Amino acid sequence: GESVGLHLPTLSVQEGDNSIINCAYSNSASDYFIWYKQESGKGPQFIIDIRSNMDKRQGQRVTVLLNKTVKHLSLQIAATQPGDSAVYFCAIPPGNQFYFGTGTSLTVIP
Amino acid sequence: GAVVSQHPSRVICKSGTSVKIECRSLDFQATTMFWYRQFPKQSLMLMATSNEGSKATYEQGVEKDKFLINHASLTLSTLTVTSAHPEDSSFYICSARRGGGEKQYFGPGTRLTVT
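Listed in order, the protein sequences are those of chains A and B. Just so you know, we're using the working numbering here: the first sequence kicks off at 1 and counts up by one. Just so you know, we're using the working numbering here: the second sequence kicks off at 1001 and counts up by one.
Quick caveat, the hints were computed from the structure, so don't treat them as lab data. Because the structure is a prediction, the values reported are computed rather than measured. It is possible that part of the hints are untrue.
Residues from chain A that face chain B, not an exhaustive set, calculated with beta carbons under 10 Å [stated by the list, open to error]:
{"hint": "1", "residue": "9"}
{"hint": "2", "residue": "25"}
{"hint": "3", "residue": "32"}
{"hint": "4", "residue": "83"}
{"hint": "5", "residue": "87"}
{"hint": "6", "residue": "91"}
{"hint": "7", "residue": "100"}
{"hint": "8", "residue": "102"}
{"hint": "9", "residue": "105"}
C-beta atoms are modelled at their ideal positions from N, C-alpha and C, and glycine is treated no differently.
Bound conformation, chain A alone:
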């Protein structure tokens, strides 16, 4: 089956710094990738997505980078704020299903 994982289970950053959260996947045929944010006790919230025909996509304060050669995905958060503290998952939908990585817990230090 699909293998999706994140490099670091936890990440602490100073408020105002940039955050980088990584995700590795195994299926080279994957063509769509999504990042979700999950705050404690809540459901996942869509952040940004990217298709395999792109290397980079920018949103508001977030950028997703895709390296298909090494099957690696990253989420960059600029000027990290306390409200960014959450668990971040990459999700890769082969067909109907979503395979979620193990998640990175981001803690923002004021």
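With chain A held as given, fit chain B onto it using these hints.
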């Protein structure tokens, strides 16, 4: 747009009873809904996929007779945990997908505690 609600948000029930959790897409029609389970500090694990008007497809290891899923309309899916036991205590999250879309929109989750 693309709001998904769940009800209840929290439920406590006694061992042996059944609990129903509702998942609704509020502003769009969801041809497919998904049910996930999440244990503390763990990732979401897909339990089943349901398409409106047809039987749900369960993931390996998920007991379909224990976790009854009904997707009777394009805006409502229900998950019934039958004869609940303490090990069924978990955070249950649903998601919904528009017809032809790939994104899943998640509900806020339901915290089930079985005593």
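Checked hints:
1. Given hint, residue 9 of chain A at the interface with chain B, holds; its Cβ is 9 Å from that chain's nearest Cβ, closer than 10 Å.
2. The interface hint given for residue 25 of chain A is violated, since its Cβ lies 14 Å from the closest Cβ of chain B, which is over the 10 Å cut-off.
3. The restraint placing residue 32 of chain A at the interface with chain B holds, with a minimum CB-CB distance near 6 Å, inside the 10 Å limit.
4. A distance limit of 10 Å between C-beta atoms decides the matter here; for residue 83 of chain A the minimum to chain B is near 17 Å, and the interface restraint is violated.
5. Given hint, residue 87 of chain A at the interface with chain B, holds; its Cβ is 9 Å from that chain's nearest Cβ, closer than 10 Å.
6. At about 8 Å, the closest approach between the beta carbon of residue 91 of chain A and any beta carbon in chain B falls short of 10 Å, and the interface hint on this residue holds.
7. For residue 100 of chain A, the interface hint holds, since its Cβ comes within 10 Å of a Cβ in chain B; the closest pair sits about 5 Å apart.
8. Among the interface hints, the one on residue 102 of chain A holds; its C-beta lies about 5 Å from the nearest C-beta in chain B, closer than the 10 Å criterion.
9. Given hint, residue 105 of chain A at the interface with chain B, holds; its Cβ is 8 Å from that chain's nearest Cβ, closer than 10 Å.
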